[in-house]
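A.B. asks: For the sequence shown, my numbering gives the first residue as 814, with consecutive numbering after it.
Hints are supplied without guarantee of correctness; some may be wrong.
What follows is a set of in silico ranges between Cβ atoms, one per label pair, in the way DEER data are often shown [claimed, not checked]:
no., residue 1, residue 2, range
1, R885, Y863, 14 to 20 Å
2, S832, T872, 19 to 25 Å
3, F859, R829, 38 to 44 Å
4, C883, P856, 31 to 37 Å
5, G860, I828, 21 to 27 Å
6, N888, P851, 43 to 49 Å
7, S832, H855, 32 to 38 Å
8, P850, R829, 36 to 42 Å
9, R885, Y848, 26 to 32 Å
10, C883, V845, 32 to 38 Å
11, R831, F873, 20 to 26 Å
12, P846, T879, 16 to 22 Å
13, P856, R831, 32 to 38 Å
For the record, the hints were derived by calculation from the structure and aren't laboratory data. Keep in mind it's a predicted model, so treat the numbers as computed, not measured. C-beta: ideal position from N, C-alpha, C; glycine also.
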Amino acid sequence: MDQRRSQDRPRYEPIRIRSLWWAMAFVVLAGVPFYLPPGSTHPLVFGIPYWVVISLLFTFLFAALTSWACLRRWNIDEPEEEAGGGA
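Please construct the entire structure, taking both the sequences and the accompanying hints into account.
C.D. replies: In structure tokens, the structure reads:
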């Protein structure tokens, strides 16, 4: 697991990235199909209403975005842990 963390990489937290917040807000709002006409169930996609497919797609996209931010953009090692070699 230490392969994804570089020693020369500065401490970095994705909470400071405004574009990440905007992307997460967009994905959450797009996942709630309030923009679709009320009561619409057609067309069906594999037998389920298309709004369910939209919600599931954006739920997966939100999980992928959160995972990417945590795994690739967040250096979670604290300075004490780095100096002491861990717990």
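A.B. asks: Taking the hints in turn, state whether each one holds.
C.D. replies: Do the hints match the structure? See the list:
| no. | hint | result |
| --- | --- | --- |
| 1 | R885 to Y863: 14 to 20 Å | violated, 32 Å |
| 2 | S832 to T872: 19 to 25 Å | holds, 21 Å |
| 3 | F859 to R829: 38 to 44 Å | holds, 41 Å |
| 4 | C883 to P856: 31 to 37 Å | holds, 36 Å |
| 5 | G860 to I828: 21 to 27 Å | violated, 41 Å |
| 6 | N888 to P851: 43 to 49 Å | holds, 46 Å |
| 7 | S832 to H855: 32 to 38 Å | holds, 36 Å |
| 8 | P850 to R829: 36 to 42 Å | holds, 39 Å |
| 9 | R885 to Y848: 26 to 32 Å | holds, 31 Å |
| 10 | C883 to V845: 32 to 38 Å | violated, 23 Å |
| 11 | R831 to F873: 20 to 26 Å | holds, 24 Å |
| 12 | P846 to T879: 16 to 22 Å | holds, 21 Å |
| 13 | P856 to R831: 32 to 38 Å | holds, 37 Å |
In terms of the numbered hints stated before, the structure departs from hints 1, 5, 10, listed from lowest to highest.
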